[in-house]
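Protein chains in written order, with this note's numbering: chain Z, 1 to 219; chain A, 1 to 209.
No lab work stands behind these hints, which were simulated from the structure alone. Certain hints may be false.
[As the list claims (entries may be wrong)] Over the 10 angstroms line for every Cβ pair with chain Z, so calculated as not near, a few chain A residues:
1. S8
2. A130
3. T148
4. I177
5. D198
[As the list claims (entries may be wrong)] If you want the footprint, here are the derived chain Z segments under chain A, 3+ residues with CB under 8 angstroms:
6. 64–70
7. 177–189
All values derive from a computational prediction rather than experimental measurement. Quick reminder that beta carbons are idealized off the backbone N, C-alpha and C, glycines included.
Chain by chain, the residues run as shown.
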Amino acid sequence: MTPYSDIASNALWRNNAGFVQLLGLCPLLAVTTTLVDGLGLGIATTVVLLLSNVIASLLRPLLRPETRIAIFLVVIASLVTVVDLYMRARFFDLHRSLGIFVPLIATNCAILARAEVFASKHDPLRAAADGLLTGIGFAAALIAVGAIREVAGQGTLFAGADRLFGSAAGSLGLRVFDGGFLVAALPAGAFLTVGLLIALQNALGARKAPITVAGPAES
Amino acid sequence: MTSRQLISVAGLAALALVAAASLTLAWRSTADDIAINERNFRLRALNEIVPPARYDNDLFDDTTTALDPELLGTGEPVTVYRARRDGQPVAVIFRVVAPRGYSGAIELLVGINFDGSVAGVRVSEHRETAGLGDQIEGGESDWIFGFTGRSLANPPEPGWAVQKDGGVFDQFTGATITPRAVVKAVRNALLYFSANRDELFAQDSPAAS
């Protein structure tokens with residue numbers, strides 16, 4: 001059985017879904033124009049990852065080679081639809097700014113990958129830890145890219161927090177400086193920011209360990 | 001089919017049923033809230049153009065439709081919201097499409113007062129370039145508010161164009177096509193209104209029945 005410390009270090013750093021595995025690259029580039037958007041999608045993705053991992057683990061007795069993927073897809077698509085409905089009911093404005101990327105969580109390969117590679121081979125508790133931590137690792141990537149692009153592109157940080165935390169949080173937004181560099185808000189800025197952050201992570205030694213998409217080899 | 005395959009298929013089918021049931025439950029428990037949110041969102045957009053103090057009817061219950069592919073920019077019937085106060089017409093708000101934006105169609109919400117002046121214009125949908133064409137958005141620059149109070153006679157022809165074309169409306173540095181399309185669409189909306197004003201206010205509302 002994989003020890004929890006390995007689950008954590010893989011999910012959060014060594015095999016970070018956003019920066020190392022580069023899964024879910026599309027939302028990582030597209031919704032990270034502000035910190036709040038990144039955080040909102042990060043939380044939604046984490047919820048889906050956590051639940052899909054737990055359910056995939058609980059369904060282990062039901063998994064057969066020929067239906068396994070289909071079962072995961074049913075579970076993930078249903079969870080994403082529920083999250084989508086819930087966000088439209090509770091976080092309507094945030095849902096509007098995330099747009100199509102909430103339903104598209106279903107296509108985030110990181111979720112299917114964790115169900116397939118990890119949850120289907122582990123007990124529900126470990127699967128939950130893996131889902132939660134992978135989600136947090138991915139959310140951290142979204143938040144980092146979102147924060148950098150928001151400051152560089154608009155000169156603000158945490159603007160629009162009321163969309164996530166209610167109107168009381170509306171004043172949390174900071175104006176760091178006036179104006180901003182347009183390129184950071186454009187798609188090119190997303191690629192540049194992600195590239196720089198990956199370079200930074202490499203510089204910090206993340207790639208010393210051999211990389212396996214599956215996480216550490218199971219014995 | 002072997003019994004093993006049968007079991008796999010039965011498992012998948014059972015799971016699909018459970019999923020369908022859960023989705024129904026989730027949809028039922030959120031449908032009302034979502035409907036309220038969407039209504040409030042649309043009302044907020046309408047109220048930005050015609051503030052609630054100016055009318056006393058329910059905009060969603062007092063609608064009619066307009067169809068004019070040439071002036072409204074779309075072949076689909078357009079919903080026209082009618083604001084009234086004490087039964088007297090105040091303004092209409094409807095969606096028009098500016099078909100020739102820099103990257104496709106731009107959707108506008110145009111409010112026109114009964115006297116033919118613009119109550120307000122907002123961009124509801126566009127794919128213009130961020131930082132250039134997107135200055136038509138109310139949140140990006142004040143440009144779109146410059147229509148408020150204008151009418152077909154103010155400015156008189158040929159003023160209804162961007163400055164580059166000899167008109168009175170600013171273009172943006174590096175982006176002329178976008179404002180040009182919006183100016184034309186707003187003017188077309190005014191032309192439509194001036195030709196159809198009394199019918200627009202007189203028609204029965206399908207929503208009220």
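Which hint numbers doesn't this structure obey?
Of the numbered hints, 1, 2 do not hold.
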